[in-house]
Each structure stands twice: as C-alpha cells, then as structure tokens.
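Number of protein chains: 2
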Amino acid sequence: MTVVENDNSDLYSYKYPHPAVTVDCVVFGLDDGALKVLLIKRLDPPFEDSWALPGGFIKMDEDLQDAAFRELREETGVAQLYLEQFHTYGRPGRDPRERVITIAYFAIVNLFEHKLSASTDAKDVAWFPVDGLPALAFDHGEILRDGLAALQYKVRRVPLVFEFLPQKFTLPQLQQLYETILREALDKRNFRKKLAATGVVDALEEHQTGVSHRAARYHVFHRELWEKKAEEGEEFKI
Amino acid sequence: MTVVENDNSDLYSYKYPHPAVTVDCVVFGLDDGALKVLLIKRLDPPFEDSWALPGGFIKMDEDLQDAAFRELREETGVAQLYLEQFHTYGRPGRDPRERVITIAYFAIVNLFEHKLSASTDAKDVAWFPVDGLPALAFDHGEILRDGLAALQYKVRRVPLVFEFLPQKFTLPQLQQLYETILREALDKRNFRKKLAATGVVDALEEHQTGVSHRAARYHVFHRELWEKKAEEGEEFKI
DNA sequence: CCAAAAGTGTTAGAGATACACCCATGG
DNA sequence: CCATGGGTGTATCTCTAACACTTTTGG
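Chains as they are written, first to last, in my numbering: chain A, 1 to 238; chain B, 1 to 238.
Treat the hints with care, as some may be off.
Repeated chains share a single entry, so a pair holds when one copy, or any two copies, can fit it.
DSSO-like mimics (lysine-lysine), calculated; alpha carbons at most 27 Å apart, straight line [claimed, not checked]:
(1) Lys15 with Lys41
(2) Lys59 with Lys41
(3) Lys168 with Lys36
(4) Lys59 with Lys168
(5) Lys237 with Lys193
(6) Lys168 with Lys154
(7) Lys194 with Lys237
(8) Lys15 with Lys36
(9) Lys59 with Lys188
(10) Lys237 with Lys115
(11) Lys115 with Lys15
(12) Lys193 with Lys59
(13) Lys154 with Lys237
(14) Lys193 with Lys41
(15) Lys228 with Lys36
(16) Lys188 with Lys15
(17) Lys36 with Lys229
(18) Lys15 with Lys229
(19) Lys193 with Lys15
(20) Lys229 with Lys154
(21) Lys154 with Lys228
(22) Lys193 with Lys168
(23) Lys194 with Lys154
Treat the hints as calculated values from the structure; they're not laboratory data.
In this text the structure is predicted, and so the values were computed from the model without any measurement.
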C-alpha cells in the first residue's frame, strides 16, 4: 500500500489500481537539412546517462495534450509546436520502478522560427538524426519508431510539412523535406504538379538571394485556405 | 491524500499523481444486417441507468490490450474478437468521481460464430444500431464516434470486414457489409473487380440454399495469403 | 563562359468509373 | 411464368509516372 497525492479521493481510489501516467513526445525538427529527433539525457537511474524521449508525469488537473506542451516547454524551451497523439504504451514492466502508462505524441518544432531557448543549450538535450540514434531508455526506441511511422503516414495526407519550414520557403526546399521524411526520391515535375493541384501553396514575387545559381522563388502555405478545404472534406495528397 | 492498492511502491509513488486508468471498447457487430454497437447499462451512479461503453479499470500487472480482452469477456462473454487501440482520452472532469484516463479500443465481434453467452442475456447489455444510439454516460458518445471513424478508415485499407462474417459468406453479403459500414453505395461489378484484385477471397463450389432466387456462391477469406502479402507491404484497397 | 540548381509539358499506361443484360431459384 | 436477386464485360476517363532541355545566377 502506498500513499499518493490524490485530492479527488473517493471510494474508487481504494478499490482500483492507480498507475503512474506520463506523456512522452517524439519531437521532430529540420536541422541542417536533416530530420532530427530531440532527446534528453537522463541524469538519474534507472537508465542513468541514457538518452530518452522528453516527457513526464501528468498533473492531476491537466489535460493530456497540455501535459505534453508543458513538459516540452519545461525540458526544451519550445513553446510553439504541432502535437498529435499517436499511441499509448502500458506493458507492465516497461518502467522498472513501477507501473507507468505513457501516452505518446509526436511533435514538430519549427527550428527556423523558434530557436531553442536557454534550457536546450544545456548539455543534456540534443538533436539526433533519425538514422543515427543512440540506444534509448525504457521502450523509447519502439515509441520513437512508431512515432516516425506516424509522421511518415500523416505527412502524405495532411499538410504537416509546413510546420518544419519558415513562412517563406522554396519548392526545392519543400521537396527535399518530403524526400527526407519519406526516404524516397520524388520527381520534380510531378511533385510540383501535385502540389499545384492542392492549391494551398502560393508563389511570391520574391526570390532567394545569395546563391550561385538561378534563385528559387519563395512560396507560402495558405493555411486558412487549407483549413477551409479540409472542412469540406478535401484531402491533401503528395 | 489517498491510500491506494499499489504494490510497486517506491519514491515515485509519493512524488507524482496517480490517476485511475481504464480501457473502454467500442464493440461492433453485424446483427440482422445492421452495424451495431454493444452497450452496457450502468447500474450505479454516476450516470445511473445510462448506457455506456463496456470497459473497466486495468489491473496493475496486466497489459492494456489484455485488460480490454478481460473486460469484454467479463461483461459480455465475448472471447474471440479483433481489438485495436485508437485513442486515449484524459480530459480532467470526464469522470465526475476522480481523474480517470481511458485508453479506447475498437473491437469486432463475429456474431455468426460466437453467439453472446450468458452474461449478455442479462437485461443490461444490448446491441444498438449506430444510427440509433441513446445518450451515453461520460464522454462515451465522443469515444464511440471516434471509434466508428477509426473503423471506417481502417476497413478500407485492411481486410477487417471478414471479422464480422461467417467463414463462408457470399459476395452480396460482403458488399452489403461494406455499404453498411461506409454508408455509401458501391457498384457491384467494380466492387468484385477490386476484390478479385486483392486475391485474398476464394470462391467455393458450394452455393447458398433456401433463397427464392438464384443462389449465391460461397466464398472464404484466405487469411494466410493476406498475412503473407501484408508482410510484403502489399495494401488492401476497396 | 562555366558550374550549379531552378523551372517547365507531353505522352503512355494504369486504375477507376459508369453502365445493362442474362441467369438461376422458389413459389 | 413471374419475381427476386446473382452474376458478368467493355469503353471511357482520370490520374499517375516517366522523361530532357532551357533559364538564371554567381564566380
């Protein structure tokens, strides 16, 4: 028998088991042209000195997604990001200390518009390329793989990629991002045709500067238009 | 402060909140040609006499999916079914008693091969057509809608429909089931063409009997072949 | 003027859709 | 022989995939 902080006490608290519940986040960012994942080095046992997904225990009066936002803000200084729940993991024994159930989210951080703040400069937070990951604590390796699969799946159907990019981006930049996430080469002309068909990317007059070749045109994502189309049931397919 | 049953006691049990955790199941079955959902009438407050999704508290040493199986067996007598996790709900206040986080599964019961046993004959368990649902307890209405969407989504990509049907079924029966789930009419010839293209449904020589019109041929789902194809990354599309 | 990457259309093939008549069975 | 639903093929269209050259810029 264990004493826990639980203010909503009533009969049920006596009758039923109360496991610990955490949220863990697979945070993706585009760093130096590569798809990277944010990991945190654990300072305490278990898995001391191992890398792990950012996350932590939910508070009693906090929604699940709010908990994910809070943990990311606390641990990484990231404030604005895209968040989506993808799976819940609860195998007994996945945490050697006690029963812990974790609700996993994947997140996208825009590293162009939100440089990581103070807390991320600490030596225990780092971005790892998805094809060069260290061994992870707990079952975080499995969670990370599932999160990557969820990102790859979703990115084909919903215009998520713009969460990675600056407001103004070039089409080659966008295509490279898709190729990075999906791990496959795309045909330039067909890619642009499909993109044009979605109708949610507008060309600006402005061009790239400072490149030693033809300058690419900047484009912007027309978010409001997409949201209107999404409401009408329109799909986004790349 | 509350005392709970928790044998894995250690330092973390003191420091972090421990909410109650349940699994809830949206159980679908094909009953009398209609898509129905299994609901349970609550006998105790809160929401006394309201209908609710079957489900219940997880045990401390039990995997999430095992908990879902156990609850369904206990509450409905259903032993063999398809189960898939689709979302986790944890809004504070969703249960008026205390903080309860619920991991939601959708399930498919084969009512041809597994008639519901004793416990389901009790007056407090019933099948409701998905377009004639009563008001549900807690946020179960929302969970049910999401579960139905998950079923509709999944059924187009994975051969789940066979979970609803007897081992031998006719093609009109199969098509009607798709139409029921997807709520749209399908072209008979095109439907059969697509189905043939998947290659996982075999025709038998045997025909339907006792109908006052041309008898339909029985077919079977070739599950092993599908599993082999699925491993090779093949998709199922209807 | 050279190197490097941006930009741009057409054609062929595959897959999806629309569509109408004959067949078998029981009453 | 009638009513009911089972069973079958083709033509069109749309979407996808393959593919090569010209343009712009900086050095």
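Handout entry: Contradicted hints - numbers only
Key = Structure breaks hints 4, 8, 9, 10, 11, 12, 14, 15, 16, 17, 18 and 19.
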